[in-house]
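Got chain P sorted already, so can you dock chains H and R onto it with the hints?
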Amino acid sequence: MIELIIFLVLMTLGYLVGQYAEKRHYESIIKREQKLKNLPTIASRFPPPGKRLDQQLVMGSTVISIDYFKRFIATLRNLFGGRVTSYESLLDRARRESLLRMKEQANELGAEYVFNVKYETASISKGRNNTIGSVEVLAYGTALLRPSEAP
Amino acid sequence: MLISNMEILPGKQIQKHLGLVQGSSVRAKHVGRDIMASLKNIFGGELKGYTELLQESRDEAMDRMQQQAQAIGANAILNVRFSTSSVAQGAAEIYVYGSAVILE
Amino acid sequence: MKFEQRDIPEGINVTQVHPLRELAVLLGGAVLLIVLLVYLLGLSAGFLARYIPFEMELELASSFSEETKSEGDIQRYLTRINDQVVAAMALPEGMQITLHYNNDDTVNAFATLGGHVVVFRGLLEKLPNENALAMLLAHEIAHVKHRDPIVSVGRGLTISAVLGLVLGQSDLGVLGDTGLYTLLHFNREMEREADREALEAVYRIYGHTRGADDLFRVLQTYREEAGGDDGFEVLQTHPLDWKRINAIDSLARTNGWDVEGDITPIPETFFSDLKRSEKSSEE
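Protein chains in written order, with the working numbering: chain P, 1 to 151; chain H, 1 to 104; chain R, 1 to 283.
Just chain P, same shape as in the assembly:
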């Protein structure tokens, strides 16, 4: 009985807090994406020819965890198969957040472009019973900087 009560409390908490946090996070992502809209991020390797630009590696990473409620849905989904929707939004948030952090870093350096953007995903904590709850997403690329004016 106690177990069931703990379970229900965790579910409710996970749901309410998790939904709220996700909504807030998406709002912040969308706002920041708009702000950095004009910094091009491109997957191609070859920069535009002819220009002399400095370069530097930039990266951004996010470790994000799933809430109890969504993890429960995911384990249930594992019984039946199909789209694991609760992980979709988790990964979407992680990817966009990582890219944003990379872009923010590039922006501070005064980059004109970020080229050769790549993503790396890793599940870092296996958790109890191998139910993995958190993922790390790393986004990295080469920022092409306006050459410094000095000497």
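No lab work stands behind these hints, which were simulated from the structure alone.
There may be inaccurate statements among the hints.
Said to hold, decoys possible - Result set (DSSO-like, lysine-lysine): computed pairs, CA atoms no more than 30 Å apart in a straight line:
hint, chain 1, residue 1, chain 2, residue 2
1, P, 31, R, 2
2, R, 126, R, 243
3, H, 16, P, 31
4, H, 40, P, 118
5, P, 118, R, 243
6, H, 16, P, 118
7, H, 16, R, 2
8, R, 2, P, 37
9, P, 37, H, 40
10, P, 35, H, 16
11, R, 126, P, 35
12, P, 118, P, 23
13, H, 12, R, 2
Same frame as chain P, but now just chains H and R:
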């Protein structure tokens, strides 16, 4: 929609870069498949259920990436890369991304 | 090189479905699956368990038989009644009943693997007459006759093994409990069958069924005194006492068994023996 993992297409000019587009998909197989797969681990050999699972995921991820590209008016995706990760036991995530461009 | 960042619409990489809705669908499905699984497994495991030879059951329970020490007069009286009941019940060949007296206040009795029947002092003290005692023993022996202990052990093991396989890798333990309620239902069916068989035995011994329902009255009074969560049948293995009283009453009537007759008392010496036994346990 032209999808390629090259960055330059011979004989074609890139008119405009539209930035990154991406598609992802997390899918799981029902528990029966999971159990069969763990049995198969004794004998070795192809895990048909999981091959199928990853193929389905890949198709869906590609489809989502194309939807994104279409939505912003691109007609090709270049330099496409795939990545696979296991986010949960028995579930696979396929992630695919590339540069959306408008070709002349 | 021209570049233009355009807005990608939201919701392409995330399926738009309300989490609560998904939870409802999945949870409903999972509960259905588990109940179905438990039901089917329980049915088949229970069916197969009946074919395990009784000798094997004896071996499984061999460690059990040494535990309780006999208590002289009490044991002798109980064995006498037990022998009467066994004789009236036509047990299959090779099946033997070993009766154990347990010197403890618990108001209970149970049958377990290998034909071992345990009665506690707490319950014996409350019994008003020999007919009720015979009913009690007959009920437990009926469980042995129907192979109920091995069936429920077999069921329990199979179900927990398969649920472990299906739910094993995840933390869905909470769901596993839903299956147990179905198990209880099986148990209640077993109880009803045992009641029926026991009443028949009591009729064979005494020529009437009067006094048999006293057993349930005793249990009912005890439960009411103890705190009486009488109303919540789902959580109890046994059917409610008043239901059992009604059931055996109508059973006796439909079979034309005499419900009136002389009640055989339990000898006073037996109760004083119990008292002495209680004192000796306190020392």
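The hints, checked one at a time:
Proposed proximity of residue 31/P and residue 2/R is supported: the alpha carbons are some 24 Å apart, at most 30 Å. Of the supplied pair hints, the one linking residue 126/R and residue 243/R holds, its CA atoms being roughly 20 Å apart against a limit of 30 Å. Taking the CA atoms of residue 16/H and residue 31/P, the gap is near 25 Å; set against the 30 Å cutoff, the hint holds. Proximity of residue 40/H to residue 118/P is assessed by CA-CA distance (about 34 Å); at most 30 Å being required, the pair is judged violated.
For the hint pairing residue 118/P with residue 243/R, the CA-to-CA distance comes to about 71 Å; that exceeds 30 Å, so the pair is violated. Straight-line distance between C-alpha atoms of residue 16/H and residue 118/P comes to about 20 Å, which keeps the hinted pair within the 30 Å bound. With a C-alpha separation of about 5 Å, the suggested pair residue 16/H and residue 2/R falls inside the 30 Å cut-off, and the hint holds. Between residue 2/R and residue 37/P the alpha-carbon distance is near 14 Å, which keeps this suggested pair within the 30 Å criterion.
Using a Cα cut-off of 30 Å, the hinted pair residue 37/P and residue 40/H is violated, with the two alpha carbons roughly 49 Å apart. Distance hint between residue 35/P and residue 16/H is fulfilled; the C-alpha atoms sit about 21 Å from each other, no more than 30 Å. Restraint check for residue 126/R and residue 35/P: the C-alpha separation of about 83 Å exceeds 30 Å, so the hint is violated. For the given pair, residue 118/P sits about 26 Å from residue 23/P by alpha-carbon distance, which is consistent with the 30 Å threshold.
The hinted pair formed by residue 12/H and residue 2/R meets the criterion: a straight-line CA distance of about 15 Å does not exceed 30 Å.
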